[in-house]
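Using this note's numbering, you'd call the opening residue of the sequence shown number 10 and step up by one each time.
Wrong hints could be hidden among the right ones.
[As the list claims (entries may be wrong)] Computed Cβ-Cβ distance ranges for the label pairs, DEER-style:
id: 1; residue 1: V238; residue 2: L190; range: 30 to 38 Å
id: 2; residue 1: A29; residue 2: S184; range: 19 to 27 Å
id: 3; residue 1: S184; residue 2: G257; range: 24 to 32 Å
id: 4; residue 1: L151; residue 2: L51; range: 27 to 35 Å
id: 5; residue 1: W32; residue 2: P68; range: 50 to 58 Å
id: 6; residue 1: S241; residue 2: S81; range: 38 to 46 Å
id: 7; residue 1: G257; residue 2: R109; range: 18 to 26 Å
id: 8; residue 1: E27; residue 2: S241; range: 21 to 29 Å
id: 9; residue 1: E35; residue 2: V85; range: 52 to 60 Å
id: 10; residue 1: Q148; residue 2: L262; range: 16 to 24 Å
Hint data in this document are derived by calculation from the structure and do not stem from the laboratory.
Cβ coordinates follow ideal geometry from the N, Cα and C atoms, glycine included.
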Amino acid sequence: MAEAPLLPRKDQGDAAEEGAGRWRSEAGKLAYLALPMVAVSLSQYAVQVSSNMMVGHLPGVLPLSSAAIATSLASVSGFSLLIGMASALETLCGQAYGARQYHTLGLHTYRAIVTLLVVCVPLSLLWAFMGKILALIGQDPLIAHGAGRYIVWLIPGLFANAVIQPITKFLQSQSLTTPLLLSSVATLALHVPLCWVMVFRTGMGYTGAALAISVSYWLNVAMLVAYIVMSSSCKETRTPPTIKACRGVGVFLRLALPSALMIW
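Based on the sequences and whatever the hints tell you, model everything.
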């Protein structure tokens, strides 16, 4: 008499159905994390785009030309660099959270914030002289001067971005994408009327759009920090500021610099 198999046999139809179900489950988990982050990136990008749209309604071509050049230069020389360097936290924070080293997760985040803020100092000096640099390389003097004025008002937003990017990676490593989505959408919703007021009601003109970007980025920082401080989801990973964040910067830079070069 033949012995019964230890494991039940599955026909090809059952195996295919099980594989499809596993694929749908994994795809759903991936979409749950990825789609909100896509919306976050689009919302952050839309802040700058909406500002240029406001500037485009001003008379003449000089304001829009200056704002467009300044926005492009700011993205290449500043914002993209910070995004790339902060990408190192995807590895560091992911490892710390996976190993349940929650205190280390906070230290990595503080270390990244301190490092990026320091990086912003020479970048802000570069931006302060951007108008003269553009004129030296042959840009139209009026456009160079206008772009220089515009990018100077983006400097506060550069420092805000140095805080936003590490916090984003901090929350993302914990799969807390919903607060990132809500804060980004809220920032965009507040930015549009703020930018309109700055451009058309304060007399600042096109430079008001740059100031509105900086203010909106700091509003985003405030919302994310408030969530981390008050939310129970960050109870274990919430770490008070410490001087230890200034140590071990080399470990962060070994990952941050290659990450920045890949995006830059």
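To see whether the hints hold, each was checked on the structure:
no., hint, in the structure
1, V238 / L190: 30 to 38 Å, "19 Å, violated"
2, A29 / S184: 19 to 27 Å, "25 Å, holds"
3, S184 / G257: 24 to 32 Å, "25 Å, holds"
4, L151 / L51: 27 to 35 Å, "33 Å, holds"
5, W32 / P68: 50 to 58 Å, "56 Å, holds"
6, S241 / S81: 38 to 46 Å, "42 Å, holds"
7, G257 / R109: 18 to 26 Å, "20 Å, holds"
8, E27 / S241: 21 to 29 Å, "37 Å, violated"
9, E35 / V85: 52 to 60 Å, "36 Å, violated"
10, Q148 / L262: 16 to 24 Å, "33 Å, violated"
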